[in-house]
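Residue numbers (this note's numbering), protein chains in the order written: chain A, 1 to 119; chain B, 1 to 119.
Calculated directly from the structure, the hints in this document are not laboratory data. A virtual CB, placed ideally from N, CA and C, is assigned to each residue, including glycine. Any given hint could be a false lead.
[As the list claims (entries may be wrong)] Quick look at which bits of chain B chain A covers, simulated, 3 or more residues with Cβ under 8 Å:
#, segment
1, 5-12
2, 47-60
3, 80-87
[Said to hold, decoys possible] Each computed DSSO-like pair below joins lysine-lysine, with the alpha-carbon atoms no more than 27 Å apart:
#, chain 1, residue 1, chain 2, residue 2
4, A, Lys84, B, Lys92
5, B, Lys20, A, Lys36
6, A, Lys8, B, Lys89
7, A, Lys20, B, Lys89
8, A, Lys12, A, Lys59
9, A, Lys92, B, Lys84
10, B, Lys20, B, Lys8
11, A, Lys65, A, Lys12
[As the list claims (entries may be wrong)] If we take Cβ atoms under 8 Å as the criterion, some of the chain A residues that face chain B in the derived model are:
#, residue
12, Leu6
13, Val21
14, Glu24
15, Gly72
16, Tyr75
17, Gly80
18, Val81
19, Glu82
20, Ile95
21, Val117
22, Ile119
Each chain, written out:
2 protein chains.
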Amino acid sequence: MSKINLRKKLEKFSEHWSPKVIAEMNDYQFKLVKIKGDFVWHNHADTDETFIVIEGEMKIEFEDKTVELTEGEMYVVPKGVEHKPYAEKECKIMIIEPRGVVNTGNTEGDLTASNDVWI
Amino acid sequence: MSKINLRKKLEKFSEHWSPKVIAEMNDYQFKLVKIKGDFVWHNHADTDETFIVIEGEMKIEFEDKTVELTEGEMYVVPKGVEHKPYAEKECKIMIIEPRGVVNTGNTEGDLTASNDVWI
């Protein structure tokens with residue numbers, strides 16, 4: 001494999017809420033996502049999910065709290081926990097989770113993205 | 001859990017080659033490490049290992065090539081592959097790998113660090 005430059009990879013796409021795979025470690029994938037506006041409430045029944053903010057600011061709403069994340073901050077959403085990502089302005093993030101995880105988890109709708117799309 | 005600010009966590013220790021755990025995702029751990037100088041040649045027989053540079057520059061030497069990484073760049077070392085991290089000046093990195101992985105892999109020596117040390 002070659003080294004991966006996060007900012008260069010982020011220049012390769014512009015869609016929101018459409019995760020792009022940039023690397024695999026064992027059966028886990030590293031995905032870059034540009035987010036803006038409201039996502040949907042969902043959970044991932046079988047896995048934790050890690051968010052790392054590369055650029056910008058985002059929020060993750062939970063049933064009992066809201067976590068605000070800015071560049072250089074991360075959060076691990078525990079498996080099975082309902083959450084809703086949100087960004088007022090475009091925010092660039094990296095998500096780490098097992099291969100095969102669908103972005104909208106237990107829900108399916110307009111924001112459900114194609115899986116395993118590499119850039 | 002609370003959100004994790006990588007730079008604030010990095011202020012909490014100064015030793016080199018001494019990984020500190022900051023988060024877990026399923027059975028994987030996120031570890032911050034400050035590195036400087038030469039590490040030892042080693043491999044991890046059972047797992048890939050991900051390096052992400054937070055600040056500074058590092059190299060990972062392999063038997064057939066050397067990869068240079070700077071801030072915002074990452075590399076996944078495949079399992080079983082001999083490698084030797086190196087940093088001319090102090091470099092701050094995050095390593096992601098399964099819980100229980102020892103920093104020196106198949107070798108043990110002066111640079112073998114205590115495992116599962118949280119900050």
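Hint by hint, here is what the structure shows:
For a cut-off of 8 Å, the count of residues in the segment 5-12 of chain B with a CB near a CB of chain A stands at 3, and the three-residue condition holds. As drawn, the segment 47-60 of chain B meets chain A at 5 residues by the rule of a beta-carbon pair under 8 Å; at three or more, the given contact holds. Counting residues of the segment 80-87 of chain B whose beta-carbon sits less than 8 Å from any beta-carbon of chain A gives 0, not enough to reach three: the coverage restraint is violated. For the proposed pair Lys84 (chain A) and Lys92 (chain B), the alpha carbon gap of about 31 Å is over 27 Å, so the pair is violated.
Between the alpha carbons of Lys20 (chain B) and Lys36 (chain A) the distance comes to roughly 33 Å, so the proposed pair goes past 27 Å and is violated. Restraint check for Lys8 (chain A) and Lys89 (chain B): satisfied, since their Cα atoms lie roughly 25 Å apart, inside the 27 Å limit. Between the alpha carbons of Lys20 (chain A) and Lys89 (chain B) the distance comes to roughly 33 Å, so the proposed pair goes past 27 Å and is violated. With a C-alpha separation of about 24 Å, the suggested pair Lys12 (chain A) and Lys59 (chain A) falls inside the 27 Å cut-off, and the hint holds.
The suggested pairing of Lys92 (chain A) with Lys84 (chain B) is violated, with an alpha-carbon distance near 31 Å, which exceeds 27 Å. The straight-line distance between the Cα atoms of Lys20 (chain B) and Lys8 (chain B) is roughly 13 Å, inside the 27 Å bound, and the hint therefore holds. Among the hinted pairs, Lys65 (chain A) with Lys12 (chain A) is inconsistent with the structure: their alpha-carbon atoms are about 34 Å apart, more than 27 Å. Hint status for Leu6 (chain A) relative to chain B: holds, with the closest Cβ pair at about 5 Å, below 8 Å.
The closest approach between the C-beta of Val21 (chain A) and any C-beta of chain B is roughly 12 Å, which is over the 8 Å cut-off, so the hint fails. Interface restraint check: Glu24 (chain A) against chain B, minimum CB-CB distance 7 Å, threshold 8 Å, status holds. Because the closest C-beta pair between Gly72 (chain A) and chain B is about 5 Å apart, less than 8 Å, the hint holds. Annotation: Tyr75 (chain A) was flagged as interfacial toward chain B, and the flag holds, the nearest CB pair being 5 Å apart, inside 8 Å.
Proximity of Gly80 (chain A) to chain B is violated relative to the hint, the smallest CB-CB distance being about 12 Å (cut-off 8 Å). Because the closest C-beta pair between Val81 (chain A) and chain B is about 10 Å apart, greater than 8 Å, the hint is violated. Interface restraint check for Glu82 (chain A): the shortest CB-CB distance to chain B comes to about 15 Å, outside 8 Å, so the restraint is violated. Against a cut-off of 8 Å between C-beta atoms, the interface hint on Ile95 (chain A) is violated, since the closest Cβ of chain B lies about 11 Å away.
Interface restraint check for Val117 (chain A): the shortest CB-CB distance to chain B comes to about 18 Å, outside 8 Å, so the restraint is violated. Hint status for Ile119 (chain A): violated, given a least beta-carbon distance of 14 Å to chain B, over 8 Å.
In the structure shown, a violation is registered for the earlier hints numbered 3, 4, 5, 7, 9, 11, 13, 17, 18, 19, 20, 21, 22, in ascending order.
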